[in-house]
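Just need the whole structure built from these sequences, with the hints factored in.
If you're matching them up, the sequences are chains F and H in order.
If you read the first sequence in this note's numbering, its first letter stands for residue 99, the second for the next number, and so on.
If you read the second sequence in this note's numbering, its first letter stands for residue 424, the second for the next number, and so on.
Keep in mind the hints are simulated off the structure, nothing from the lab.
Predicted model, so just to flag it, every value in this text is computed and none were measured.
We put the beta carbon where it would ideally sit given N, CA and C, even for glycine.
DMTMM-like cross-link-like pairs, simulated, lysine to aspartate or glutamate; straight-line CA separation at most 25 Å:
(1) F/Lys252 to F/Glu317
(2) F/Lys290 to H/Asp622
(3) F/Lys135 to H/Glu624
(4) F/Lys112 to H/Glu624
(5) F/Lys131 to H/Glu624
(6) H/Lys467 to F/Glu213
(7) F/Lys112 to H/Asp622
(8) H/Lys442 to F/Asp187
(9) F/Lys186 to H/Glu624
(10) H/Lys442 to F/Asp188
(11) F/Lys288 to H/Asp622
(12) F/Lys155 to H/Asp622
(13) H/Lys616 to F/Asp187
(14) H/Lys467 to F/Asp217
(15) F/Lys257 to H/Glu478
Some chain F residues near chain H, calculated using beta-carbon distances under 8 Å:
(16) Lys135
(17) Pro161
(18) Leu163
(19) Ala183
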Amino acid sequence: MAIKDLPLEEYILKGHAACPGCPATIALRTALKALGKNTMLIVPASCSAVIQALYPKTAFNVPTLNIAFEAAAAAASGVAAGLKAQGKDDILPVVWAGDGGSYDIGLQALSGALERGTDFIYVCYNNQMYSNTGIQRSGATPYGAWTTTTWTGKKEHQKELAEIVLAHHIPYVATATIAYPEDLYNKMKKAKEMKGPRYIEILTPCPPGWRFDMSKTVEMAELAVKTGAWVLYEAINGKIEFTGYSKRILEGKEREPIENWLKMQGRFRHLTEEDIKEIKHRLDEKWERYKQMYGKKE
Amino acid sequence: MIVIDTANHIAALAAKMAKPAVIAAYPITPQTTIVERLAQYVEKGELKAEFIRVESEHSAMAACIGAAATGVRTFTATSSHGLLLMHEMLHWAGLARLPIVMVNVNRALGPGWNIWSDLNDSLAQRDTGWMQFYASSNQEVFDNIIQAYKIAENSDVMLPAMIAYDGFILSHTSMPVEVPSQQEIDAFLPPFKPSWTLDIENPITHGNIVPPEPYMEIRYSMHQAMENAKKIIEEVGEEFGRKFGREYGLVEEYRCEDADYVIVTMAALAAEARVAVDELRSKGEKAGLLKLRTFRPFPHEYLKYDKMIVIDRDISPGLGGIVYNEIKAGGKEVYGFIAGLGGVDVSYKDIERIYELAKEGKEGWYPTEVK
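Listed below in structure tokens is the structure:
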């Protein structure tokens, strides 16, 4: 599958209200091309609630239910049950939530919906902060990042939500990012063909939030993968396989220096040598763990 | 058929006979036996419904909203802190105009933990856009649930409905209840016709950003729907009376015609007050009772008596009895009493005493401080 082979159907219409260079919109556009018409979106408070544009108009061309910040996965359980009760087995409920609605305020509802086997896809588009309320820290914000609630840089590392999700032993877990639309498309497509709870997390570098030029969104996502700051993998029934460039890193390819990614972003402008050492140390630890767990055994 | 059972089991039976397609609920004392019974109905195949065993009440209501948005009938039940946890989603269901029906078993709020009757939990949901019905007997619990679906799903209403009754006093007390046949219920309660649904052939976006002017219109139409509900509640109550022999309205008046003082209360206290009125009458007092069946919509038009004694099993700290203050706004001579909070027993003898105190021009916390 090459980009030119992606379906021509568009489910994000003209007139949406996203910022220029918005990665969430790129991600949703690609995801909906894979998911198709028989999709019902459940959207909690997030940038995507704004991107739809103002009532009585909408830029989303699939049925969309907006719901409170922490409630998306629970509402999706209700949508799935309502569809099942009516025998509408060919319609797929899809949550489209940010990292705030997934890592933090919506974590309980997400865990509940996964544990009780809700037949849906949950997508967390992760821009590593609360962007809709104006760039505040979230559980996904990386160490050292400036936000409007961490003026001198975040003092804690982010948690790994996909790994928490893996502990629910669901049929499909995958990570993706907008720099690799074919990979994102294929993972969405694969998830669509499965049953039960499926989780896909997409890294979405946000120009105003990360403080970089709107023309660099895709580059920023690509470099996140090449530096190993973001990891591409999928897990079918818990069996993890790294994909794309991340797989090459796992197999021994050198990661690009993390500084290359950090210095492109205004949110890391204030980092000290010590901070960068801490970030590198954490990254090395993470990859060491990946290699031990998922790498080729000698 | 006469069924002798607790209000909770009667509520589960009524919910089953209303045939919801989706139930989402989380257990909490003293509501638990409703959820247990419904789970049993579904697992035994006696009720063809999807039962979502959610991880919280907030999720219970979110799931009901999601299910109702696909166009199916839904049911849930809760109590006390569970209802408070739902609060955000109660507003959501109201503004989304989804006719979800819910039972709330009235229970006090903590700290300290108190599992006994107190109406503060449901009265705190006053402005969520939910109709609120209060029952004084297990029969009324059954009848209110069946009627609530018909009222909520009326195209002029399309609002969610809450059926409230006292924890333990009703929830765990067995009483005989006349239960119609399933055929009779089906004839009374037609299948749900939603006013909007998520539909892949007609993809709408529900609940995106609404500018101020249309938002105010949405709020206005919701208020109008609540006003419309008054007429529909009376029509449905009358039809129910014709079919099943028990007529219902917004209020129930008892010996009010020539009354000097009319006692106004609701839920289990109203059943006790009825006995008190008979006792007072036998002693030569011209006492009457006006039982509020609905708190939302509020039946202002029936609160026309010159002298009223309002007994509240609830408190708005810094203001007083919640029902008392709503009635006092009408400008009549009203005496307010706070009684029975956290399950303190209020017998018909207490209500007789309250009547005597009101006649002396007194009011307040009974029996703590009356002056």
